[in-house]
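K.L.:
For reference, the chains in residue letters:
Number of protein chains: 6
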Amino acid sequence: MQDNFPQNFANLTHIDHQGQAQMVDVSDKAPTFRQAVAAAKVRMLPETFAAIEAGNTPKGDVLATARLAGIMAAKQTAALIPLCHPLPLQKIAVEVTPDPQLPGYQIHATVKTKAETGVEMEALTAVSIAALTLYDMAKALEKSIQIESIRLVSKTGGKSGNYFPPEP
Amino acid sequence: MQDNFPQNFANLTHIDHQGQAQMVDVSDKAPTFRQAVAAAKVRMLPETFAAIEAGNTPKGDVLATARLAGIMAAKQTAALIPLCHPLPLQKIAVEVTPDPQLPGYQIHATVKTKAETGVEMEALTAVSIAALTLYDMAKALEKSIQIESIRLVSKTGGKSGNYFPPEP
Amino acid sequence: MQDNFPQNFANLTHIDHQGQAQMVDVSDKAPTFRQAVAAAKVRMLPETFAAIEAGNTPKGDVLATARLAGIMAAKQTAALIPLCHPLPLQKIAVEVTPDPQLPGYQIHATVKTKAETGVEMEALTAVSIAALTLYDMAKALEKSIQIESIRLVSKTGGKSGNYFPPEP
Amino acid sequence: MQDNFPQNFANLTHIDHQGQAQMVDVSDKAPTFRQAVAAAKVRMLPETFAAIEAGNTPKGDVLATARLAGIMAAKQTAALIPLCHPLPLQKIAVEVTPDPQLPGYQIHATVKTKAETGVEMEALTAVSIAALTLYDMAKALEKSIQIESIRLVSKTGGKSGNYFPPEP
Amino acid sequence: MQDNFPQNFANLTHIDHQGQAQMVDVSDKAPTFRQAVAAAKVRMLPETFAAIEAGNTPKGDVLATARLAGIMAAKQTAALIPLCHPLPLQKIAVEVTPDPQLPGYQIHATVKTKAETGVEMEALTAVSIAALTLYDMAKALEKSIQIESIRLVSKTGGKSGNYFPPEP
Amino acid sequence: MQDNFPQNFANLTHIDHQGQAQMVDVSDKAPTFRQAVAAAKVRMLPETFAAIEAGNTPKGDVLATARLAGIMAAKQTAALIPLCHPLPLQKIAVEVTPDPQLPGYQIHATVKTKAETGVEMEALTAVSIAALTLYDMAKALEKSIQIESIRLVSKTGGKSGNYFPPEP
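Protein chains in written order, with the working numbering: chain A, 247 to 414; chain B, 247 to 414; chain C, 247 to 414; chain D, 247 to 414; chain E, 247 to 414; chain F, 247 to 414.
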């Protein structure tokens, strides 16, 4: 558990010495290639899962809509998360995979950039909005759908090095 | 569990008979007062929680930033969720409460409208973006923070009646 | 031709007596139900059309993406068209229909509101952005795709009465 | 006609092997200077054209409004077209030229960037929204105004080389 | 001076009893017609003023651009001001008047709605962005241009009654 | 006074030879580090100032909200100011400082980029929206609050060199 905890514990980077929220200054960093992968789960009743799987045939619009909403939301990250930097994005991919064991859907998003700071928030925003879109499209069937385990799966590139989460 | 599952199981309201995603037509509904409450949890390491709680003194900007991000995001719901209707909103409130047992934060959002359709998605979007903002502000300390249990807590008003989730 | 031309020719409603662009004042109008239907054509080479039709199998994402882009764009109309009023929208539907004779696609959008002014621009914006999205997704195959005949198909409700275009 | 059709006909770049819409990965491309020019026509009745030309004097706000709407819309392209990359833009120019023969207006947009991918969609979005704005400002006079021939006029820079449309 | 100061001085309406920023709950208010007028001044060197006045001939695009930017910004008020309610707007008018005595420009904005809360912020946002646009278009000539006296000129309608500022 | 006035007085850079508003072409410039600092004052009655200072304890949300609104607005500059270029931003900082002598608040914003053009408008937009947010949060107490002296404090980097305003 210690492994994914940085040594420099001094303070939060987004809070200055007066306790005020601030955007991190990245002007002294060089742009490098960076990638982040995030994930989320959408858990629902078996009946709801069966309806989406069936309703998704033959056009697949439920999952396609969720995927597109995630891609488009990633591009709005800097407008939604107050202290995020606006970044160029070179790739946004969102996958929505049925998981009959859950039952529900596993969502993954991969975002790439060449920039002074990483794209973790873009990937996390993509899976969050994709999951919310799934909720929206199925809420007439079941209001108790839950979105779970929104998390960073990996982060590569950048000065702070790569990140892979600890084994559960 | 059956109780929160509608009788009309025929199909998904956002998918038409050709399997295409669609916005629900609410033009034959009368506007009524509606309220939705949603919740989310942000789980983190004890050290991270302690740092936010400490760093939050005396200005409290971490939690204030998350709350404001949630309020502002609720107003962007129709732009983010493809099939949501743009609605007037009469109240958006977001609470971020420390939970030392988690450890982490419990987030609640309450949204009110007088409209032809409900504001569940606005409340769910508010807690999601508030949670992502918390992640963003603490990610330099811990990348393994997880957002959990994004869920609808209650829904009142509207033709389909009130909703309270089943006992866990 | 005269039939679809209003008697009051005095001046353009969006230009004041000094020749300055202005938003029409609708504060003395009562909100009524209104609907507008708009259409567009996307013309392409037979090979491009065949590729989209084939590539669209089995998930249908090309047309689904165009439809969703149109729905979402309709909600941004007041942000895009400078003098449009922000309106509540109760229904946005976009259809993209293959037309082998064109060859290409026929796009239709239907928008409904209960408001003081109509939703022609929302419907026209929906078909335009849906058409541009089709272009975007096929431009690697053919850059000479053309968008044609963006037009109002019908308008019902409102003080100025219904509109149906003259026979061609 | 063959000339403007690429050899690599294998599949649509925005659709992956599962038929899902995707954003093209441009992370292995180097940023280069790129320019795109797009055009559109707005066709109207002679009376409408005369009214705009007259009403445009002396302040010219109809055409100025359309031009500005096009410039501003180009900056929103990545938010409107689901699979477009957000790009820095170094120049956006929109021209609206009266064409008494049409009768109506010819609209041209030129967009420049230094980026990993081109700005065709930005130029096409600019002419489309400029044309819709013209419609909006004249629709009280004539609802049968049509937008025609939205097309790419030229594209220079980038790996795929320059593009000029075939002779009509 | 007392006259424009409300009796109920207990606390700020946007801050709850815990000192947290909040959106005012307007769900128990009835929608009524409301209007707000705001103003701003843009002061510059005589040479700059002369250049804008001259450069504005014959197309007048400097002032037209500022006016349009103000109109469009008013529609973005709820996205910019964190605790503002999203409101329907029935009229937005912006005037930019040359004032050789200043020298510079006087800007006025009038906004109307029928809603549960007023449109002061929409009018103030309109004049602010119109003024900033003027700055942007003239900053190559003079960087010392100042925007002054952004203020509410009048407010009519609503429960709190009309407001006219005290005599200076 | 002459010192802050450029020699090249020929015309406004945002107006072409036909008098039409245009975006400046920066495609032949190299990206360099640039910083801009802007300022604004918010003047109010002593009672209002006292209430904000008191109400701001212990959570300080009035000033925190204004600061965040300014930071977020800076990221929307290109969407608000018609002829601004969309730019990457590497730092946005907003300070809101109580000034009992005014009485009211002094607002400063600092914005950094590495780009082909400067960030004066981003800094000016940040202070303007921060000031408007302060107004919004205190307007129930006093509607006669005024925003004054929105101005550029300094500009460094870029071809045109550094700028510091003349002594008052």
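No lab work stands behind these hints, which were simulated from the structure alone. A hint or two may mislead.
If chains are identical, the list can't say which one is meant, so a pair holds when it fits in one copy or spans any two.
[Claimed, not checked] The list that follows gives simulated cross-link-like pairs (lysine-lysine, PhoX-like), each with its CA atoms no further than 25 Å apart:
| id | residue 1 | residue 2 |
| --- | --- | --- |
| 1 | K287 | K275 |
| 2 | K405 | K287 |
| 3 | K360 | K287 |
| 4 | K337 | K287 |
| 5 | K360 | K275 |
| 6 | K405 | K275 |
These numbers were taken from a predicted model, which means no experiment stands behind them.
K.L.:
If a hint holds in the structure, say so; if it doesn't, say that too.
P.N.:
Right, here's what the structure says about each hint:
When the C-alpha separation of K287 and K275 is checked against a cutoff of 25 Å, the pair qualifies neither within a copy, at 34 Å, nor between copies, at 33 Å. Proximity of K405 to K287 under the C-alpha cut-off of 25 Å is found in neither arrangement, the shortest distances being 30 Å within a copy and 30 Å between copies. Taking CA atoms no more than 25 Å apart as the test, K360 paired with K287 passes in neither setting, with 28 Å inside one copy and 32 Å between copies. Proximity of K337 to K287 under the C-alpha cut-off of 25 Å is restricted to the intra-copy arrangement: shortest distance 22 Å within a copy versus 29 Å between copies.
Taking the shortest alpha-carbon separations for K360 and K275, both the intra-copy value of 12 Å and the inter-copy value of 11 Å come in at or below 25 Å. When the C-alpha separation of K405 and K275 is checked against a cutoff of 25 Å, the pair qualifies both within a copy, at 9 Å, and between copies, at 22 Å.
Violated hints for the displayed structure, listed by number in ascending order: 1, 2 and 3.
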